[in-house]
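K.L.:
Residue numbers (our numbering), protein chains in the order written: chain A, 1 to 290; chain B, 1 to 268; chain C, 1 to 282.
One or more of the hints may lead you astray.
[Said to hold, decoys possible] Pairwise CB distance ranges, derived in the manner of DEER restraints:
id	chain 1	residue 1	chain 2	residue 2	range
1	A	S234	B	P72	19 to 27 Å
2	B	R148	A	A61	50 to 58 Å
3	A	R235	C	E237	46 to 54 Å
4	A	A61	C	T269	29 to 37 Å
5	B	I16	A	R235	33 to 41 Å
6	A	D81	C	F281	52 to 60 Å
7	A	A280	C	T269	16 to 24 Å
8	A	S234	B	K71	53 to 61 Å
It is worth saying that the hints were derived from the structure and are not from the lab.
Fair warning: this is a prediction, and the values are worked out from it, not measured in the lab.
We put the CB at the ideal spot given by N, CA and C, even for glycine.
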Amino acid sequence: MAILETEELTYTYSEGTPFEKTAVDHVSLSIEEGEMIGVMGHTGSGKSTLIQHFNGLLKPASGRVLLDGRDIWADKEKIRDVRFQVGLVFQYPEYQIFEETVYKDIAFGPKNMGLDEAEIKRRVLETAHDIGISEELLERSPFELSGGQKRRVAIAGVMAMEPKVLILDEPTAGLDPAGRDKILQHIKNYHRRTKNTILIVSHSMEDIASFADRILVMSKAKLFCFDETVKVFSRAEEIEGIGLDVPQITRVFGVLKRRGLDFGKEVYTVGYAKELLLKALKEKGGLLNC
Amino acid sequence: MLRDITIGQFFPGNSIIHRLDPRFKIVITLLFIVMLFSGGTLLCLGIGAVYTFTAIFLSRIPLKMFLKSIKPLLPFLIITAMLNLFLVSSGELLWQWKFLKITDEGLNISIFMIIRIVLLIMGSSLLTYTTSPITLTDAIERLLSPLRKLKFPVHELAMMMSIALRFIPTLIEETDKIISAQKARGAEIDTGSFINRARNLVSILVPLFISAFRRADELATAMECRCYNGGSGRTRLRQLKSAPRDYAALAVTILFLAAVIAAGKLLR
Amino acid sequence: MENIIEIENLHFSYASEDEKEAAPEVLKGIDLTIKSGEFVAVLGHNGSGKSTLAKHMNAILLPTSGKVTVDGIDTADEERIFELRQSAGMVFQNPDNQIVSSIVEEDVAFALENLGVPYEEMRRRVDEALKDVGMYEYRMHSPSQLSGGQKQRVAIAGIIAMCPKCIILDEPTAMLDPKGRKEVMATIKRMNREHGITIVLITHYMDEAAQCGRIVVMDKGRTVLDDVPEKVFSQVEKLKSIGLDVPQVTELVWELRKAGYDVPAEIITENDCVEAILKLFE
Chain A
1 MAILETEELT
11 YTYSEGTPFE
21 KTAVDHVSLS
31 IEEGEMIGVM
41 GHTGSGKSTL
51 IQHFNGLLKP
61 ASGRVLLDGR
71 DIWADKEKIR
81 DVRFQVGLVF
91 QYPEYQIFEE
101 TVYKDIAFGP
111 KNMGLDEAEI
121 KRRVLETAHD
131 IGISEELLER
141 SPFELSGGQK
151 RRVAIAGVMA
161 MEPKVLILDE
171 PTAGLDPAGR
181 DKILQHIKNY
191 HRRTKNTILI
201 VSHSMEDIAS
211 FADRILVMSK
221 AKLFCFDETV
231 KVFSRAEEIE
241 GIGLDVPQIT
251 RVFGVLKRRG
261 LDFGKEVYTV
271 GYAKELLLKA
281 LKEKGGLLNC
Chain B
1 MLRDITIGQF
11 FPGNSIIHRL
21 DPRFKIVITL
31 LFIVMLFSGG
41 TLLCLGIGAV
51 YTFTAIFLSR
61 IPLKMFLKSI
71 KPLLPFLIIT
81 AMLNLFLVSS
91 GELLWQWKFL
101 KITDEGLNIS
111 IFMIIRIVLL
121 IMGSSLLTYT
131 TSPITLTDAI
141 ERLLSPLRKL
151 KFPVHELAMM
161 MSIALRFIPT
171 LIEETDKIIS
181 AQKARGAEID
191 TGSFINRARN
201 LVSILVPLFI
211 SAFRRADELA
221 TAMECRCYNG
231 GSGRTRLRQL
241 KSAPRDYAAL
251 AVTILFLAAV
261 IAAGKLLR
Chain C
1 MENIIEIENL
11 HFSYASEDEK
21 EAAPEVLKGI
31 DLTIKSGEFV
41 AVLGHNGSGK
51 STLAKHMNAI
61 LLPTSGKVTV
71 DGIDTADEER
81 IFELRQSAGM
91 VFQNPDNQIV
101 SSIVEEDVAF
111 ALENLGVPYE
121 EMRRRVDEAL
131 KDVGMYEYRM
141 HSPSQLSGGQ
151 KQRVAIAGII
161 AMCPKCIILD
171 EPTAMLDPKG
181 RKEVMATIKR
191 MNREHGITIV
201 LITHYMDEAA
211 QCGRIVVMDK
221 GRTVLDDVPE
231 KVFSQVEKLK
241 SIGLDVPQVT
251 ELVWELRKAG
261 YDVPAEIITE
271 NDCVEAILKL
281 FE
């Protein structure tokens, strides 16, 4: 079932001034419950504006946003409830931390929802566990933590609202490879437990390739494509054409194909590339190993 | 939202007013203020108005922008006019209702007041509209530089002002971002009860202060790495050179000032 | 070639508030020399000590013990600190927090103003620096109108206006989008190639390190590898064990070698990888 849909969503910045700019242009899409989606597009493609419509931070100039089949702007008074159902984690979320303890900061969202203490506690403990924040850290000041830990606390703060849809804007920006892998792994853990829908914005095709069921690509305010990961990577050249990077390994297999070595499959992870190559080499028989 | 606020609004352009030396512009603006308050007759204000509108015309900035600059001060203007209107009791009585009285003198004074303040706002807006804040800071630094002999920290003050100007857009953008992030966590910022809003303000101010301190710290290191060592021995890329037109503008202003004073004295 | 940076047995720990308890060492005995004109990447995960090392090259931090010499100047020599900072400029991670002025060209001039360079020469050097980084058309813009990559190029221009022999860049691309990262990498490569400026690039992006002439890998306050990129990346297991990535092509070739196929280990470019695979299927 579709959990989040947009119908001809359009948004214009500074309407009626010389600086007018359409950031999202007639975008219609539908996201299914439980999906893990990668969102791509370079800076200024409209992807950030688009995701801020999903939880009602921005109001469409025209078109509609539907959550569970209902227009989120049908009742203006209820928009705050929409924000609890569609959680949005901004870029560099560690800069929004403000409470004295890690526990309190994670509890800020659930508290705003008006939950009782017991429920808040359950949620804080569960999300802290999902995101790899150990219990002894909960009573510490968040400002004593390392950069990667702070980021995870901030993400937990949104996760603890248990939104039906969780959107993360570049959750790995600026992290080193180990920190990046850790965060992605924790998000996957959370997904496994809650089965909630997750959207992750990322510039790294390598990262997206590692988790996404489907990929949403924005370009010049329009929806460039929204399709299964394999199918999106089969359009590697078009994707590069709009200024996005495809994984190095995809490019290598593109060249191999042009040079007459066609494996008939889209390759976007090293693991799969290795599998394909080893199988083909075995079939060829000219093994040098034992 | 916050992004719509423009502090020290500046309209880039290439008119003669834009090209005037900012130091002269500041001095001229001060003379202009003196001009507005030196004469008490309608003719004096008329001369002031001619001066203001000619300058606005020369700046090629639409008159609309100047009217906009008055708008936020409108309540203040109305209150001042009302006070003058009802509290001045000398002169011929024109209208009375219970204890409220309007006299011809009160009417005169309040009309004068309004015209004066409107011209004052328009004229000083012209200074900020045609001079970038950073140029203005620079000009102030140079005008005040004689005070350095009195150990007044002119350079430090100017540096602080120009860094503040540099970081205003950055901090506004950051505030916007933090507000959105806290709203996404259900904080009531532009809705909800007053107490809730006040409480949620903390969730915005704390991150904003932390970030501002971090920025200040990093900026200080970056400045040191670029050999910053206070104001002594510094040279400047921006050269302020006065041209004949600056002296001409100053002369015209002094002429107008003299005319206003003369009109006030002679035609009473 | 002469050495521009010489680091001898550098130890560093942040001064501990508690006198009795010794603060943990961040740098544990670094020996490193960088020759004039080199393009060196210092690669390491967060907390490996790479940024702390960079800060020693510009006298932002001073050694607890050991010695750092830059262009013949001991960084501990306070008398010559401006001289040192002129010959080794520093670019930081956050593009916003190192731009001082509201006008691009005035920011580029900032260091020259501080040094008291006469107007005519300052004008010439500022214009040249702006042209060098491709930001001349933006000289009258406000930094807030620029993209992250453009801001970082302005910061680089502000450094090269000082005519330094060496530029140290502390994770200059960590906060940029892919386009900005490419712009910055292209700019620093050109500075190295065309002006012979020594570049020390602190990064955790292996694809950037792969474009350098030499990679120094840091882990836990020590240098663990120091070689040309091909040799460094061929140590796939070692790099992975300290939380770093290798290029995908290197990883693939390593997997093939593990499976017993005869492919060269030192592959870091897509072309070499394609050729090696084609050869296997000949």
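K.L.:
Would you mind marking each hint as holding or not holding in the structure?
P.N.:
Verification of the hints:
no. : hint                             : verdict
1   : S234(A) with P72(B): 19 to 27 Å  : violated, 58 Å
2   : R148(B) with A61(A): 50 to 58 Å  : holds, 54 Å
3   : R235(A) with E237(C): 46 to 54 Å : violated, 35 Å
4   : A61(A) with T269(C): 29 to 37 Å  : violated, 47 Å
5   : I16(B) with R235(A): 33 to 41 Å  : violated, 57 Å
6   : D81(A) with F281(C): 52 to 60 Å  : holds, 59 Å
7   : A280(A) with T269(C): 16 to 24 Å : holds, 22 Å
8   : S234(A) with K71(B): 53 to 61 Å  : holds, 58 Å
The structure is inconsistent with the numbered hints 1, 3, 4, 5, although it conforms to all the rest.
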